[in-house]
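Participant: Build out the structure end to end from the sequences listed, making use of the hints.
From first to last, the protein sequence lines are chains A and B. Note that UniProt numbering has the first sequence beginning at 1, numbered continuously upward. Note that UniProt numbering has the second sequence beginning at 1, numbered continuously upward.
Don't read these hints as lab results, they were simulated from the structure. Every value quoted in this text rests on a predicted model; they were computed, and no experiment measured them.
Partial chain B-side listing against chain A, Cβ under 10 Å, derived:
no.	residue
1	C60
2	M65
3	D70
4	L74
5	A78
Glycine included, C-beta positions come from ideal geometry on N, C-alpha and C.
As a plain string of letters, each chain reads:
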Amino acid sequence: MSDLFSSSSSDLPAGLDNEKELQEFLLVEREKAKLQAQIHEFADICWDKCVDKPSTKLDSRTETCMLNCVDRFIDVSLLITNRFAQMLQKSAGGY
Amino acid sequence: MDSLSASNISSAQRDELMETVKQQIAVANAQELLTKMTEKCFKKCVSKPGASLDSSEQKCVSMCMDRYMDSWNLVSKAYGERIQRERNRN
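Facilitator: Structure below.
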């Protein structure tokens with residue numbers, strides 16, 4: 001990634017190369033694990049919102065509901081984050 | 001600072017560690033899915049627990065499992081698409 005301040009990796013001993021590769025691998029895997037945890041949470045929330053009685057397939061209404069549920073949840077999360085930040089800024093500005 | 005001393009791992013060790021990590025993540029993921037499905041499908045399919053799990057309840061649980069996995073995949077797709085859209089916006 002940012003190699004601005006480190007010397008080029010090609011002159012590192014092999015053991016260090018392995019270590020670096022491992023660290024990058026772990027960073028990527030951690031991001032993937034976070035994404036999956038988020039998907040589990042969305043599935044949990046949206047299942048409760050959208051699915052009535054389980055049948056032989058998800059009908060199109062339920063499918064649309066699931067897809068919208070994810071997007072609206074993210075919208076709400078963004079909205080609250082932004083509004084909360086504004087509130088903090090306002091109250092900090094009072095001093 | 002002295003990460004140098006701890007970093008002499010061989011390529012084989014590195015590959016082994018990567019494989020272990022991948023497997024552990026996969027197991028944790030499967031366990032999470034299993035826990036959620038059990039909880040959700042118990043809620044949906046067993047409203048009044050009887051002396052045994054009757055056949056209609058069993059049928060409901062099977063369908064519920066399949067639908068939960070469908071839902072999981074749909075959510076995964078929707079989330080992936082949203083992330084893509086947010087990236088393109090910035």
